[in-house]
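S.K.: Sequence:
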Amino acid sequence: MDEKKLIEGLKKKQLWAYEILYDRYAQRLGSVIKSYLGVDDVDDVIQETFIKVFKNIKKFKGNSKLSTWLYRIAVNICKDIIAKRKRQNHLLVDFQESEEQHISEPPATNDVFKEVMDELSFEELMDIIAKLSEEDRLLIKLRDIEGMSYDEIAEILEKPVGTVKSRLHYARKRLRELLEEVGYDV
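Residues in the sequence shown are numbered consecutively from 1, following the UniProt record's numbering.
A portion of the hints provided could be inaccurate.
[Claimed, not checked] Label-pair distances were calculated between CB atoms; the ranges are:
| # | residue 1 | residue 2 | range |
| --- | --- | --- | --- |
| 1 | K13 | Y170 | 41 to 47 Å |
| 2 | F60 | G147 | 21 to 27 Å |
| 3 | G183 | L15 | 49 to 55 Å |
| 4 | S133 | E8 | 37 to 43 Å |
| 5 | T163 | Y22 | 29 to 35 Å |
| 6 | I82 | Q14 | 33 to 39 Å |
| 7 | K84 | K159 | 17 to 23 Å |
| 8 | G62 | E181 | 42 to 48 Å |
| 9 | R87 | K13 | 31 to 37 Å |
| 10 | N56 | W16 | 17 to 23 Å |
In short, the hints are calculated from the structure, not lab data. A virtual CB, placed ideally from N, CA and C, is assigned to each residue, including glycine.
Please build the complete structure, drawing on both the sequences and the hints.
M.R.: Structure representation (structure tokens):
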């Protein structure tokens, strides 16, 4: 089904359209949310994301892809949760669970991942990625695991493309350093 027909169905509050939207994006959104927040709140953020879509779909103008709009909503909800945690002086929960159940393809789209996946289990890699900041994890997740373009990521994060590229470069550099610390020559 093409995106235009799906959007039309969503705007008309058609149940089939919401079912397709959920089936197509819930798992991918959950994976991104988990990489940003850790294991807490994933289901709540997915639910809140789809509620916001339901309430605001008529405002969607189609200036971006539907998936980009969904990711932006989810990331903004995550940012709100992190800000709330910081205000309440809560420690962020480390992400300890493997993401295998959320990813249908191996996360080997970037050279760093390709080079270490043969030697390193997925769970070990996720434990190392968990040591990165929320933003670094999110950037690596969106670009290297989800395969999104720089433009899509920039739109989701509401940052210039150059900023996204620069921050992703440094996130990958920090990941390489963490991998080298545990004995993997990348």
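S.K.: What are the numbers of the hints the structure violates, in ascending order?
M.R.: none
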